[in-house]
Amino acid sequence: MKVEPFDTQRQTAFSRRSALLSGGMLVLFGGVVYRLFDLQVRRYDEFAAKADDNRFKQRVVVPRRGDMLDRYGNVIATSRQNFRILLIPEDTDNIPESIARLEEVVPLSARQEERLLRDITAKKNQSFVPVEVMDNLSWDEFSAVNFRLPRLPGISTEVGETRFYPDGEHISAIVGHVGAADSRDLANAEDQAKRLLYLQPGFKLGKLGLEKKYDTELRGQAGTQTVEITAAGRVIDENDHRGNEALPGTTLSLTIDTDIQAKAYEVLSTDYGEYPEGTEGPGAISGAAVVMDVVNGDVIALVSTPGFNPNDFAKTVGSSKLRELETSPLHPMLCKPIAGAYAPGSTFKMLSAITAQEAGISPSTRFGCSGKFWYGGHEHNCWKQGGHGAVDMVNSLKHSCDVYYYNVATRVDIDHIAEVAKRFGLGQKFDLGLSGQVSGIVPSREWKRNFYRTNPDNQTWFPGETLSVVIGQGAVTSTPLQLAVMSARIATGKVVTPRIVRGIGDSFVEDPVFETLAGDPEHLDIARQGMDAVVNQWGTAARSSLMPDFRMAGKTGTSQVRSLQINPATGRPFQNHELPWRQRDNALFVAFAPYDNPRYACAVVVEHGGSGSKAAGPRARDLMRAVLEKDPSNPAKNPLYYPSGTGANRIAALEGQG
Amino acid sequence: MAKEALRVPTAELDLQERILRLHWPLLLVLCGIAGIGVMTLYSVPQGHWSPYAAQHLIRFLVCLVGLAVVAVIPLRFWLSASYPIYFGVLVLLLLVPFIGEMNNGARRWIDLGGFQLQPSEMMKVAVVMALARYYHGLEFKKVSTILGMIPPLAMVGVPVGLVFIQPDLGTSLLIGFSGLLVILLAGISWRVVTVGIFTALAGIVVAIQTGLLKEYQIERVTAFLNPDHDPLGANFHPNQSKIAIGSGGVEGKGLLEGTQSQLGFLPETHTDFIFTIYGEEFGLIGTTILLGLYILAFLLTARIAGAARSHFGRLMSLGIGLTFVSYVLVNTGMVMGLAPVVGVPLPLVSYGGTVMLAMMGGFGLVMCTWVNRHQDTLRTQGWRR
Chain A
1 MKVEPFDTQR
11 QTAFSRRSAL
21 LSGGMLVLFG
31 GVVYRLFDLQ
41 VRRYDEFAAK
51 ADDNRFKQRV
61 VVPRRGDMLD
71 RYGNVIATSR
81 QNFRILLIPE
91 DTDNIPESIA
101 RLEEVVPLSA
111 RQEERLLRDI
121 TAKKNQSFVP
131 VEVMDNLSWD
141 EFSAVNFRLP
151 RLPGISTEVG
161 ETRFYPDGEH
171 ISAIVGHVGA
181 ADSRDLANAE
191 DQAKRLLYLQ
201 PGFKLGKLGL
211 EKKYDTELRG
221 QAGTQTVEIT
231 AAGRVIDEND
241 HRGNEALPGT
251 TLSLTIDTDI
261 QAKAYEVLST
271 DYGEYPEGTE
281 GPGAISGAAV
291 VMDVVNGDVI
301 ALVSTPGFNP
311 NDFAKTVGSS
321 KLRELETSPL
331 HPMLCKPIAG
341 AYAPGSTFKM
351 LSAITAQEAG
361 ISPSTRFGCS
371 GKFWYGGHEH
381 NCWKQGGHGA
391 VDMVNSLKHS
401 CDVYYYNVAT
411 RVDIDHIAEV
421 AKRFGLGQKF
431 DLGLSGQVSG
441 IVPSREWKRN
451 FYRTNPDNQT
461 WFPGETLSVV
471 IGQGAVTSTP
481 LQLAVMSARI
491 ATGKVVTPRI
501 VRGIGDSFVE
511 DPVFETLAGD
521 PEHLDIARQG
531 MDAVVNQWGT
541 AARSSLMPDF
551 RMAGKTGTSQ
561 VRSLQINPAT
571 GRPFQNHELP
581 WRQRDNALFV
591 AFAPYDNPRY
601 ACAVVVEHGG
611 SGSKAAGPRA
621 RDLMRAVLEK
631 DPSNPAKNPL
641 YYPSGTGANR
651 IAALEGQG
Chain B
1 MAKEALRVPT
11 AELDLQERIL
21 RLHWPLLLVL
31 CGIAGIGVMT
41 LYSVPQGHWS
51 PYAAQHLIRF
61 LVCLVGLAVV
71 AVIPLRFWLS
81 ASYPIYFGVL
91 VLLLLVPFIG
101 EMNNGARRWI
111 DLGGFQLQPS
121 EMMKVAVVMA
131 LARYYHGLEF
141 KKVSTILGMI
151 PPLAMVGVPV
161 GLVFIQPDLG
171 TSLLIGFSGL
181 LVILLAGISW
191 RVVTVGIFTA
201 LAGIVVAIQT
211 GLLKEYQIER
221 VTAFLNPDHD
231 PLGANFHPNQ
241 SKIAIGSGGV
251 EGKGLLEGTQ
261 SQLGFLPETH
271 TDFIFTIYGE
281 EFGLIGTTIL
291 LGLYILAFLL
301 TARIAGAARS
311 HFGRLMSLGI
321 GLTFVSYVLV
331 NTGMVMGLAP
341 VVGVPLPLVS
351 YGGTVMLAMM
361 GGFGLVMCTW
371 VNRHQDTLRT
381 QGWRR
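First to last, the sequence lines map onto chains A and B.
According to this note's numbering, the first sequence is numbered sequentially starting from 1.
According to this note's numbering, the second sequence is numbered sequentially starting from 1.
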């Protein structure tokens, strides 16, 4: 057999190169195996941890917000079930068809539908993420949808939580409202965990009022949940129990009586005839009322009208609605009992009377009133044109005689008046936890120096200015809360300090024991006698008497918001009904009751109500009648009231019995 | 050996003898690899026979029959069929830009009445066949001459270019690599090899500079060179597949238990990235077994090539064996961060009909070489026309 010589050559070459290439391949295989060893053995821990990082994600669990209860354990603020409808785009082949079928059960507005379609488009790449169709459904709607769920592809239902205030706008001045975290909240968040919580869709934080002040307590502790997810972010397992449970927020027990609160809101929004037909009115009554327990300082009611409905904020308040609330001339977002500073008018006269006695003027001293008082080359008028004749101190309060106090003003020092006013609570802030508190102004020499810091010519106190202050005009201003505290202090002679939170969680704030006020108690007695006469002895507030049922003492106040002007048409000073609403006098009334054994004090302010005796007094009368009939601090009449406990532990005790 | 050598080398074997002479160990090894493929493809869709595993098994069994058919056909036939097959595939490749199916921005497929064919995959085997046929008929002294080098370079260069413009960088590089390996095996002088390497390097630089390479192709290579860069972009898949394989550990997470693959952190787990799910679920033990089977298949092929008396048979067998392992090395290297991400399947394990067909056809030719290893009559028929 013939063998070609070159065949041997090429076979040899092939053999050598075949060995070389095969060897090379084996070396490369060695590299691959080494790499496998490197990845799967040497660096196993690293990659195992990375794989777990990939599949497990921490999810923030929003805690349930704490409730607020009134003094009997009735709910003021709670978290209510929120029935929502969701749509999971990937679970339906035909989204418009699903929506159309849903609309046969619950109608959607054109705007809702538009927003829904926009959300679906925005989340196109994560079509397994539920999109909210609508929320806050009624139970009937919700169960109707649930019943038809099998025929609604892609639709699912969920029960979430929304903040709910059963009393709505009655309570808005106290609770404020909650809202989703905004960019400022995010910037102020102390740590990443907080920021993450703030970003949760269901999370709301306190924005105003007690919701804001006690946000930390009410909020609770966010929990974490470890969930297993796919690369695209879909959660496939929620039942991993690693992580911390969310701790629900603490319950806040308030001193408020929701019935009295509602009554106060009612009297403040009812027309008492202060805006006669044909005159311009504000459309709603803008005012404030505070009812206090004078023994322990409990604020039983604190109302601002018009209010706003805090439930609107639990959903999303439209920006136009929010703007409307913020720009309304009646300031519904303002908590007027603490944020409104009004000239106290004649309600200040008790303080002037006390100062007078401390300055040595006997209560039996009489000053004659002819309706006019000349001082410093100016004529000062009494509110009563013909004058009151000779009046002593009790009668000066009863008739609210201005000239009497002009006489007092010439005999006392402004700094002394300021000291007494502060002793009774004016010019002070009380930490109730409500938003927007102002301190008001108690004029004194020091105050004037500070006030005109940049204008040295104006820093001197002129004796003529004292004449305005003694009748509660001029620079002096006070909040309705301060006026309520003032009448409580006059009623008891104690340093009564208001409070609105009785307990946080199970810890009950003991009833405070107030110190006795400085000064002679007999001076207070004269003031009390005067207030009794105002209401019960045919004084300026005779129409507000609750006799014979209750003996309520009180004082009217009518304070000017502008200086007097003569109406050229009549030749007399402008009457309130002749003026635009904004220029009419503020109407005030302070009261305490029962006269013999004071338990409740109140202050009512009706902005531009015209006259304290017509607009404020009757409202205070109706409010105080409700208070005295119910007697909210009397456990015998209110078995749910628990003098030494919170609403929360009262409920617990009752449940224990049951 | 000694006894068989006494046979008349030119005598034709009958069919029964051919079947008995099939290389059964190699057949078993291939079945093992494909079995691993079926099992892994069962795991890819979270434990379902459809859409991959059952189809893969059926294709393998069909191709196994095809392999046997190829093996029992006389090697002489394949020698004479080499050029027609090569040109046939080349025509298909030329048709791709015109009648090819668009997929992921590239035209690689031809639809043959419900059967999707990927000519570039067939070309891997066809180019090896054609080169073996060429060198079979070429005098050894002409191998390194300019004239002798032009046809094989053209035979390699044309399909490489056609596949490159599809675009399919990985396959075109591998076709070129397989072709060059066969030329090397044919005994081309080292001087030419050295010159060739430098020319190739210069060519790469030119290709990058002139924008011949697509941006994403360059990106993949730079991502490979700098693995910590851009972990959510170009390096997302390489990093995720390293995590998958690494977290498999020694024993693996178990069938269907791979978190990386089952939760969708990995791309293309049924094709190019199948090694990641296998590595994650079966660990170092599993990957070593699979690589062992691949090495065994290669060594058996190399032994068949060494035993073949015809130049055509040995060049073709080893060429196919080298192509086979090149795929394995590039694919495993790619998923473990040792090579850039170029679309190269893992032979017999990755889901894909044409790759299966080409590889099993290739092994059929290897098997045919083994059946006819003693016949050198081919030589005369081959080079003396």
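Worth flagging that the hints you see were computed from the coordinates, not collected in a lab.
Ideal placement from N, C-alpha and C gives every residue a C-beta, glycine not left out.
Please note: incorrect hints may appear among the correct ones.
Unchecked claim - In silico SDA-like cross-links for lysine to any residue, where the CA-CA straight-line distance does not exceed 25 Å:
| id | chain 1 | residue 1 | chain 2 | residue 2 |
| --- | --- | --- | --- | --- |
| 1 | A | 212 | A | 324 |
| 2 | A | 50 | B | 149 |
| 3 | A | 50 | B | 264 |
| 4 | A | 207 | A | 164 |
| 5 | B | 141 | A | 324 |
| 6 | A | 422 | A | 522 |
| 7 | A | 124 | B | 256 |
| 8 | B | 214 | B | 236 |
| 9 | B | 142 | A | 15 |
| 10 | A | 124 | B | 221 |
| 11 | A | 50 | B | 214 |
| 12 | A | 50 | B | 337 |
What the hints assert, rightly or not - Chain A is faced by these chain B residues, among others (derived, beta-carbon under 8 Å):
| id | residue |
| --- | --- |
| 13 | 48 |
| 14 | 50 |
| 15 | 55 |
| 16 | 57 |
| 17 | 187 |
| 18 | 194 |
| 19 | 197 |
| 20 | 199 |
| 21 | 201 |
| 22 | 243 |
| 23 | 250 |
| 24 | 265 |
| 25 | 289 |
| 26 | 333 |
Stated by the list, open to error - Across the chosen pairs, the derived CB separations fall in these ranges:
| id | chain 1 | residue 1 | chain 2 | residue 2 | range |
| --- | --- | --- | --- | --- | --- |
| 27 | A | 117 | B | 236 | 28 to 36 Å |
| 28 | B | 216 | A | 202 | 54 to 62 Å |
| 29 | A | 110 | B | 207 | 35 to 43 Å |
| 30 | A | 244 | B | 236 | 28 to 36 Å |
| 31 | B | 80 | A | 93 | 53 to 61 Å |
| 32 | A | 19 | B | 236 | 21 to 29 Å |
| 33 | B | 35 | A | 195 | 49 to 57 Å |
| 34 | A | 115 | B | 208 | 23 to 31 Å |
Hint-by-hint comparison with the structure:
For the suggested pair residue 212 of chain A and residue 324 of chain A, the alpha carbons sit about 22 Å apart, so the restraint of at most 25 Å is met. The hinted pair formed by residue 50 of chain A and residue 149 of chain B fails the criterion: a straight-line CA distance of about 52 Å is larger than 25 Å. With a CA separation close to 15 Å, the supplied pair residue 50 of chain A and residue 264 of chain B stays within the 25 Å bound. A C-alpha spacing of about 15 Å is found between residue 207 of chain A and residue 164 of chain A, which places the hinted pair at or below 25 Å, so the restraint holds.
Under the criterion of a C-alpha separation no larger than 25 Å, the hint pairing residue 141 of chain B with residue 324 of chain A is inconsistent with the structure, at around 99 Å. Note on residue 422 of chain A and residue 522 of chain A: the hinted pairing holds, with a Cα-Cα distance of about 19 Å set against a maximum of 25 Å. For a cut-off of 25 Å, the pair hint linking residue 124 of chain A to residue 256 of chain B is broken: about 29 Å separates their Cα positions. For the proposed pair residue 214 of chain B and residue 236 of chain B, the alpha carbon gap of about 19 Å is at most 25 Å, so the pair holds.
The hinted pair formed by residue 142 of chain B and residue 15 of chain A meets the criterion: a straight-line CA distance of about 19 Å does not exceed 25 Å. Distance check on the hinted pair: residue 124 of chain A and residue 221 of chain B sit about 32 Å apart at the alpha-carbon level, beyond 25 Å; violated. Proposed proximity of residue 50 of chain A and residue 214 of chain B is contradicted: the alpha carbons are some 32 Å apart, above 25 Å. As the CA atoms of residue 50 of chain A and residue 337 of chain B are separated by approximately 16 Å, the hinted pair is consistent with the 25 Å bound.
At about 17 Å, the closest approach between the beta carbon of residue 48 of chain B and any beta carbon in chain A exceeds 8 Å, and the interface hint on this residue is violated. Taking 8 Å as the C-beta contact cut-off toward chain A, the hint placing residue 50 of chain B at the interface is violated, the least distance being around 21 Å. At its closest, the beta carbon of residue 55 of chain B sits 25 Å from a beta carbon of chain A; the interface hint therefore is violated under the 8 Å criterion. For residue 57 of chain B, the suggested interface contact is broken, since its CB lies about 26 Å from the closest CB of chain A, more than 8 Å.
Evaluation of the residue 187 of chain B hint against chain A yields a held restraint, the C-beta minimum of about 3 Å falling below 8 Å. A least Cβ separation of about 15 Å between residue 194 of chain B and chain A goes past the 8 Å threshold, and the interface hint is therefore violated. The interface hint given for residue 197 of chain B is violated, since its Cβ lies 14 Å from the closest Cβ of chain A, which is over the 8 Å cut-off. With a cut of 8 Å, the hint placing residue 199 of chain B at the interface with chain A is violated, because the nearest CB-to-CB distance is about 20 Å.
For residue 201 of chain B, the interface hint is violated, since its Cβ never comes within 8 Å of a Cβ in chain A; the closest pair sits about 19 Å apart. The interface hint given for residue 243 of chain B is met, as the beta carbon of that residue sits about 5 Å from the closest beta carbon of chain A, less than 8 Å. Given the 8 Å rule on beta carbons, the hint for residue 250 of chain B holds: about 6 Å separates it from the nearest Cβ of chain A. For residue 265 of chain B, the interface hint holds, the least distance from its beta-carbon to any beta-carbon of chain A being 4 Å, beneath 8 Å.
Proximity of residue 289 of chain B to chain A is violated relative to the hint, the smallest CB-CB distance being about 11 Å (cut-off 8 Å). Checking residue 333 of chain B against chain A: minimum C-beta separation of about 6 Å stays under 8 Å; hint holds. In this structure, residue 117 of chain A and residue 236 of chain B meet the distance hint of 28 to 36 Å, their C-beta atoms being roughly 32 Å apart. At about 42 Å, the beta-carbon gap between residue 216 of chain B and residue 202 of chain A misses the expected band of 54 to 62 Å.
Between residue 110 of chain A and residue 207 of chain B the CB atoms are about 58 Å apart, so this pair departs from the stated range of 35 to 43 Å. With their beta carbons about 32 Å apart, residue 244 of chain A and residue 236 of chain B fall inside the hinted range of 28 to 36 Å. Taking 53 to 61 Å as the suggested C-beta distance range, the pair residue 80 of chain B and residue 93 of chain A conforms, at roughly 56 Å. Evaluation of the 21 to 29 Å hint for residue 19 of chain A and residue 236 of chain B yields a failure: the beta carbon distance comes to about 41 Å.
Between residue 35 of chain B and residue 195 of chain A the CB atoms are about 53 Å apart, so this pair conforms to the stated range of 49 to 57 Å. Remark: the range hint 23 to 31 Å for residue 115 of chain A to residue 208 of chain B is contradicted by a beta-carbon distance near 50 Å.
Violated hints, in rising order: 2, 5, 7, 10, 11, 13, 14, 15, 16, 18, 19, 20, 21, 25, 28, 29, 32 and 34; the structure is consistent with all others.
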